[in-house]
Amino acid sequence: MALLQKIVTWARLKSPWILHFNSGACNACDIEIVASLTPQYDVERFGVQLKGTPRHADVLVCSGPVTRQIKDRLIRIYEQMPQPKFVVAVGTCACSGGVFKGCYNVTAGIDTVIPVSAYIPGCPASPTAIIDGVVKLLASLEATEEKAPEPVAAEE
Amino acid sequence: MHWSSILWALFQILIFPGLLFLVALALAAEFVDRKLYARLQNRLGPPWFQPLADLIKLLAKQEVVPDLADKFMFVVTPMFALTAAVTASFYIPIWSHQALCSFPGDVIVVLYLLTIPTITFFLGGWYSRSVYSMIGAARSIMQLFAYEIPLFLAILAPALLAGTWSLSGMSLFYAHRPLLSLLNLLGLAIALVALLGKLERVPFDAPEAETEIVAGSFTEYSGRLLALFRLAIDVEMVVGASLLAAVFLPFGMDFGPVAGFGLYLAKILAVISMLSLMRTLFARLRLDQMINFCWQIAAPLAFVQLMADLVAKGTIARGVMIP
Chain A
60 MALLQKIVTW
70 ARLKSPWILH
80 FNSGACNACD
90 IEIVASLTPQ
100 YDVERFGVQL
110 KGTPRHADVL
120 VCSGPVTRQI
130 KDRLIRIYEQ
140 MPQPKFVVAV
150 GTCACSGGVF
160 KGCYNVTAGI
170 DTVIPVSAYI
180 PGCPASPTAI
190 IDGVVKLLAS
200 LEATEEKAPE
210 PVAAEE
Chain B
18 MHWSSILWAL
28 FQILIFPGLL
38 FLVALALAAE
48 FVDRKLYARL
58 QNRLGPPWFQ
68 PLADLIKLLA
78 KQEVVPDLAD
88 KFMFVVTPMF
98 ALTAAVTASF
108 YIPIWSHQAL
118 CSFPGDVIVV
128 LYLLTIPTIT
138 FFLGGWYSRS
148 VYSMIGAARS
158 IMQLFAYEIP
168 LFLAILAPAL
178 LAGTWSLSGM
188 SLFYAHRPLL
198 SLLNLLGLAI
208 ALVALLGKLE
218 RVPFDAPEAE
228 TEIVAGSFTE
238 YSGRLLALFR
248 LAIDVEMVVG
258 ASLLAAVFLP
268 FGMDFGPVAG
278 FGLYLAKILA
288 VISMLSLMRT
298 LFARLRLDQM
308 INFCWQIAAP
318 LAFVQLMADL
328 VAKGTIARGV
338 MIP
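Which chain is which? The protein sequence lines are A and B, in order.
The opening position of the first sequence corresponds to residue 60 in my numbering, with each subsequent residue numbered one higher.
The opening position of the second sequence corresponds to residue 18 in my numbering, with each subsequent residue numbered one higher.
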């Protein structure tokens, strides 16, 4: 069984399929996320593929402070993903609320709504930082498989 | 039946050249396709184990069955897709002129078995009861009516000339008359294009257009069920390539199993490379453009192929031309 678990962990690390969700960002982080999926950076080297539906995705890549409008939708998208699933917060707003922190129409950051596994700060976070963050998330998964993953932060 | 013959049959069905061998070949084919696509886009592309890692990951993931979906149909359709694609391979001659099973009329059976995956995409999408998957399901069944006609005509025209409805018989006939199989080059081109439609690949990927309708029929599928569907499409790609190789390129099958097997791999590699080349070159066609193309251009060309084969058959029968 231990060998089987090892094989499954290996497969999970080698094939993270992502779903991109804009939870109220100004679009700068979204453009950087899309830029990191272009042939220039070629994330398919690491097995990363962008999927359109939460049912196929392993990693939910969120950008933006969660607005009150989007909060219920974000929770619903998260719940539609099959286990095991991970959330990556991209950009300062997604990490903490950023300049919008304390505004009446936003909650401060993704982790006030759903559990987050990796934080990638930056305004906007650059494609290299995003890829670095995802790689660090996968490395932390390898270390703490079976347990709930500890939050990791990428370098800006 | 003696027990050893039962064991031998089980070995053939489950391991070689059955399920396990086909799955390995299908994963290799997916890798070749994705790597070639990446290299043609000037990037590195996935490592060799990528399709295997995807498969294992999906097999180990939770599978969600939506509340609104028809539970039985939702779970059963992916299995039917894989079973039909694997069964079709038993009737196709691979490295010798004799397929694993063969009877007069098996070309019809293979063509219909290869239709079943598309039907299951329709049923699976329809019974998901999701808006996107229902649109995808309707599109895939509409596309079925467009590409099946040129595909059937293109495959059956060589069968008419060979005078047999068995794939093994056809490959034997053309291997001994190589000049006659030059006559079927048009049919090969049409069958390649129709195969693109069957596999729902670019430019005929309207049924699962991820930029319009999320993932088409597969929108609600996750985990093991999605893995089965993906595997079924890969196996269908290999079986479709083997079918084209057996009907249109039946050469080198007399050189013994090793050389025959190597040549078989080279042939399906060539067909799969053509498919990825077309995926790189073209953009997605709208459904109406696809149907117009298939009915106004591909089907008449397939009729031309049919006529050419009938004329050749007539001249051979009168002794004017000796192949």
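The hints are simulated quantities; they were obtained by calculation from the structure and are not laboratory data.
Quantities reported herein were computed from a predicted structural model and do not represent experimental measurements.
Idealized CB from N, CA, C, for every residue including glycine.
Accuracy of the hints is not assured; some may be wrong.
Stated by the list, open to error - Pairs of lysine-lysine residues, derived as PhoX-like cross-links and limited to a Cα-Cα distance of at most 20 Å, are as follows:
| no. | chain 1 | residue 1 | chain 2 | residue 2 |
| --- | --- | --- | --- | --- |
| 1 | B | Lys52 | A | Lys110 |
| 2 | A | Lys65 | A | Lys160 |
| 3 | B | Lys52 | A | Lys73 |
Said to hold, decoys possible - A short list of chain A residues far from chain B (calculated; beta carbon distances all over 10 Å):
| no. | residue |
| --- | --- |
| 4 | Asp101 |
| 5 | Val158 |
| 6 | Val172 |
| 7 | Ile173 |
| 8 | Asp191 |
| 9 | Ser199 |
Here is what the structure says about each hint:
1. Lys52/B with Lys110/A: Holds, because 19 Å separates the two Cα atoms, which is no more than 20 Å.
2. Lys65/A with Lys160/A: Violated - the C-alpha atoms of lysine 160/A and lysine 65/A are around 42 Å apart, more than 20 Å.
3. Lys52/B with Lys73/A: 16 Å, holds
4. Asp101: The assertion about aspartate 101/A is violated, with a minimum of 4 Å to chain B.
5. Val158: About 32 Å separates valine 158/A from the closest Cβ of chain B, which puts it past 10 Å; holds.
6. Val172: The claim holds: valine 172/A sits with its nearest Cβ about 21 Å from chain B, beyond 10 Å.
7. Ile173: 17 Å, holds
8. Asp191: 18 Å, holds
9. Ser199: 18 Å, holds
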